[in-house]
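Peer 1: For reference, the chains in residue letters:
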Amino acid sequence: MTKVEITVDGTSTEHEVEPRLLLVHYLRDVLGRTGTNVGCDTSNCGACTIHMDGQSVKSCTVLAVQADGSTVDTVEGLADPVEGEAGWHPLQRAFHEEHGLQCGYCTPGMIMASKGLIEDNPNPSEKEIRDGLEGNLCRCTGYQNIVKAVQSAAAEMRGDTKVEVEV
Amino acid sequence: MTAIDTPSTKNVGITRLRKEDAHLITGQTNWTDNLQLTGMLHVALVRSPMAHAKVTSVDVSAALDQPGVVAAFTGADLADNWAAGLPCAWPVTPDMVSPTHLPIATDEVRYVGDAVAVVVAQSKYQAADAVEFVEVEYEPLPAVVNMEAAIADGSPLADTTLETNKSFTWQKIDGEIDDAFDGAAHITTRRFVNQRLIPTAIEPRSVVCSPPREHAEYTMWSTTQVPHILRLMLALTCGVPEQELRVIAPDVGGGFGSKLNVYAEEALLLVLARKLRKPVKWTETRSEGYQATCHGRDQVQDLSIAFNEDHTIRGLKVELLADMGAYLQLVTPGVPILGAFMFNSIYKMDALSFTCHGIFTNKTPTDAYRGAGRPEATYGIERLIDEAANELGVEPFELREKNWIKHEEFPYTTIAGIEYDSGNYEAATARAKELFDYDGLRAEQVERRASGDPVQLGIGISTFTEMCGLAPSRVLGSLSYGAGGWEHASVRMLPSGKAEVVTGTSPHGQGHVTSWSQIASDALGVPYEDIEVRHGDTAIAHKGMDTYGSRSLVVGGYAVQVACDKVIAKARKVAAHLLEAAEDDLEFDGGTFSVKGSPDVSTTIQDISLAVFAAHDYPEDMEPSLDSDATVDPENFSYPHGTHLCATEVDTETGEVTIRKYVAVDDIGKVINPQIVEGQIHGGLAQGIAQALWEEAVYDEQGNLKTGSLLDYYVPSAADMPHFDLDRTETPATTNPLGVKGVGEAGTIASTPAVINAVVDALRPMGVNDVLMPASPSNVWNAIQAASAGNTDGGAA
Amino acid sequence: MIPATFEYVRPSSIDEAVAALAEHGDEAKLLAGGHSLLPLMKLRLAAPEVVIDLGRVDGLRGVSEVGDGRLAIGAMTPHYKVMADPLIREHCGVLADVTAKVGDAQVRHRGTIGGALAHGDSAGDLPAVLLALGGSVIAQGPGGTREIEAADFFVDYLTTALSDDELVTEVRVPKLVGDWGWRYEKFSRVAQAWAIVGALGMVKRSNGHIEEARVGLTNMGTRPVRCTATEDAIRGQSPDAIEDAAAHASDGTSPSSDLNATAEFRQHLARVLTKRALTAAVG
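Residue numbers (our numbering), protein chains in the order written: chain F, 1 to 167; chain X, 1001 to 1797; chain W, 2001 to 2283.
Looking at chain F on its own, in the form it has when it is part of the complex:
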């Protein structure tokens, strides 16, 4: 067992873990933070996407011990549940308003990947959004409303006045 200290959504956590423990299982099973999902075993689907030290990563392909000393941010840290809808992150609001989710299973990973995308490129084109989300699979939406949601959130995060997004 190895001791890890990981700051998750602003809270410091400390546990003795097996070195083989995957970061996503540390989040879900050790911490009970089940907002982050697992959708595959080959690093393809992106459902488990979180931010580690500010970069989007697939938490199924990182060992918890590799994240020792790191800061991890998940979808659960984007908004304070106590504040309700008023506290939502622009991406959360945009996914809701543009119907960027159906079953919602890919959504936490999709939102965290989109957050990274917008941080790297605050004004992405439709093609840049589509290419930037190539590592996240959704089986419900056909992606069109996800693209719309990311464009809409990016506009809000840039501080643009509300624009009608047509993709």
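Any given hint could be a false lead.
[To be verified] Quick list of the computed label-pair ranges, beta carbon to beta carbon:
id: 1; chain 1: F; residue 1: Glu-119; chain 2: X; residue 2: Leu-1392; range: 50 to 60 Å
id: 2; chain 1: W; residue 1: Asp-2258; chain 2: X; residue 2: Ile-1151; range: 25 to 35 Å
id: 3; chain 1: W; residue 1: Ala-2247; chain 2: X; residue 2: Ser-1451; range: 17 to 27 Å
id: 4; chain 1: X; residue 1: Ala-1062; chain 2: F; residue 2: Glu-5; range: 36 to 46 Å
If you are wondering where the hints come from, they were derived from the structure by calculation, not from laboratory data.
From a predicted model like this one, the values you see are computed outputs, not experimental measurements.
Note that CB positions come from ideal geometry on N, CA and C, so glycine has one too.
Add chains X and W to chain F, keeping to what the hints say.
Peer 2: Below, chains X and W alone, put in the same frame as chain F:
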């Protein structure tokens, strides 16, 4: 998407943002795999690496010695626990051959992934480790992987306890089929292949089962589309009295048919909870699920269509080989026979012959996958019409228009004997052509052909219809289906004037909570926000037929409407009593009953709810209740239709296909929530296009799944998917009071032939008349190479 | 989905890492970004007894000028840093552009240049670019360091010239001098899939002619391929020579056949993609 500005319809027909979203976008979710129960144990299965073998020994003793392992069982250890094998609810013929399907195999394994033993441990890591210590000895048997070989003389058997690899032959002949072909002026004959697909709901399957402890009964949480069906079937399979089993479908992450089943792991976990008296959990890994969760499609179609001199259709012959896989799952044999009602599609003809052979192979069982039988049929007829048009030398639209049912001919009884209640193919087609710039793209196609551009342009048409709203119970009975097609809803007015709607449908992404709230809000006059919709728990929604086959709105939404109407009928009695007026003198609008001509003499549904709760003063001839139950059995299927147009650019040097433009004009009747409808179509299109271009489950000759993970099975991402241009025409269904038709599968059903017709259209000048799906670079390039060598069928024959 | 157990070692210096490798030998695997190793371990296709995590080793990250007209890139530099690095963008932009085609955004945040090259997968995008550039890797073992030319580094499928007791500390690429253009044509089934075939074309332009050309191919055999026949055929020629030269791109290759392509189709694609890459590179 504009609101209809009348008080009585202030929700239906407008976009309401989904009530479902808040917990899903914040990670406050309730997926089955999230559950952690005190003392819960973790289950892992040992699966056969061989497609077909005798199991000569299974030894779990070394696994039992591993850290954390609590129990381990072989198939033989558990054999006495099954009251019956896993169910097939659709015995399509009286003599259908159906192998016994035990959740854990005992002495023969029949596909890679068939379970042979189970390990139970304190953690999932320990369970995964212990699996490697189960020693299994196999004696290989020949694997049957190809359907035609399977029914050839002397074929080895996929199941050595059977005498044949054929499960059934199902036939339906309408009209004088021989006459139709004997005198034909032209006959077009083709073989098309609908490849095997893996549904790939993004949430992997997961099951948790607790013995009586959390609740008074066995409680199963499962990633299922069908909690009600599952409860009944597990009771029968495991010998647990139905009333002692509660099934909960919590948040479910997509299904597309793959969670419309009764799976080995569900039965197994119930039995393990009973044996061990502990809560148990199993969650598949994606690669495991690719072996153990039902596949879809896998059908070979031999089609002939006969024409008169004037290009009207005389008759259609359909002969199908449908791959069942190794076992018959819940509705496996019923899926292809739905084609008997769909191959004729929107076209008039005098005769239709449909024959379907269900074949066993040593592969993962197939079952419903988005569209279930209708995509296959639509692909077949829409490809065949294009091929016939080419042979007859006419524009593909011209041949369609000549043969389709005119809008003034509805209701129309088709050659297959079912009545299409409404439709307007002309209107949808005209709108689609306009949106698409059909003439402009045809002109560009001519230019590119003339200039010899290595990237050729193709235009594909799909004028589809489908049957959904499964289904009239009597029709299902006539098709030997094991249950009915009714749906149930309850409405309860609460004392505070709020309402609870309980539905027997079981959504997993479709937005029923929102849409049902819209229907109930308008019907009850209760604000949208004041309505709660409950579902997916047999202890709460005690009765239901669940969600599949685009049935939820058409049947379940209909039930909500009827249940609300019943509440309003009761409320009207109370209102008349309280207002001292005759019932017939009352108007009801927007939640208020008022006396005709005296609008000030009124009371509201909220006031009536409180009055009925208090029950101090209510009519003599009724109970003090504003609750209602409605079970509706639809009188007919519903028949969405539409015209989809696809433009593809095909790189003739590399075989790469790119979708340049996709237009979908759908007629799904009335809509409840336009945004949700658009989302359903987008998602449906993506899956249908994915079949056309990317996805295929491939087995080798030994029965190994070569596309065993998302590394090799190509589910498209946003970067691969085109933009879609949508519109709707609206021809209301006449068979339900909402005028709705169902939309869950339309996009999938329509899009696959639209794309392939476009690919073939691009390559037609090169002599290509078919391309195998998926139209991968390799398949396209092979078709081009074969055509240049004089073989034009893309390799299908 | 769950790796087998292993002993975890986390050295903080290159010397410690080398010592750990020497101690554990072929029972050990080096963990860089983990995006090749961990997927194999999760599927239990790899089950090393010891995992040596290079994540905390000082001095393995970053880009610098070596002084001999080359850039040195620390082996643990993640892909996204390579893509954005000013020195690489200025002097060897082709490496940044090809790296941008590796995996997806999340993979590029974790995956490292050294890890990707040391994995020795000819279906990966980076081996072909290193080969075409005439780059090299610096390996360190108990006996010290040595430089291995790209042409010698890739030995066979998933096999490199590294010994069991060596690790890659640095990757070296030349600074491109002159008017270079390039294009990497990555041909795959879906965006995030591995290349069926990839073709990198680089040309140094001079007075409307091609002064020099480099062609590297991905997934055309057990090792990355450099197409010297094509390079030779267009050296000093006008761009009109590209088509005939590209017809030799598959000469001497022996690619595998799989679900996506037969060997014959791969060779055809290599020729077509090389033609397109070189044409685009000329600009």
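Peer 1: Of the numbered hints stated earlier in the document, which are not met by this structure?
Peer 2: none
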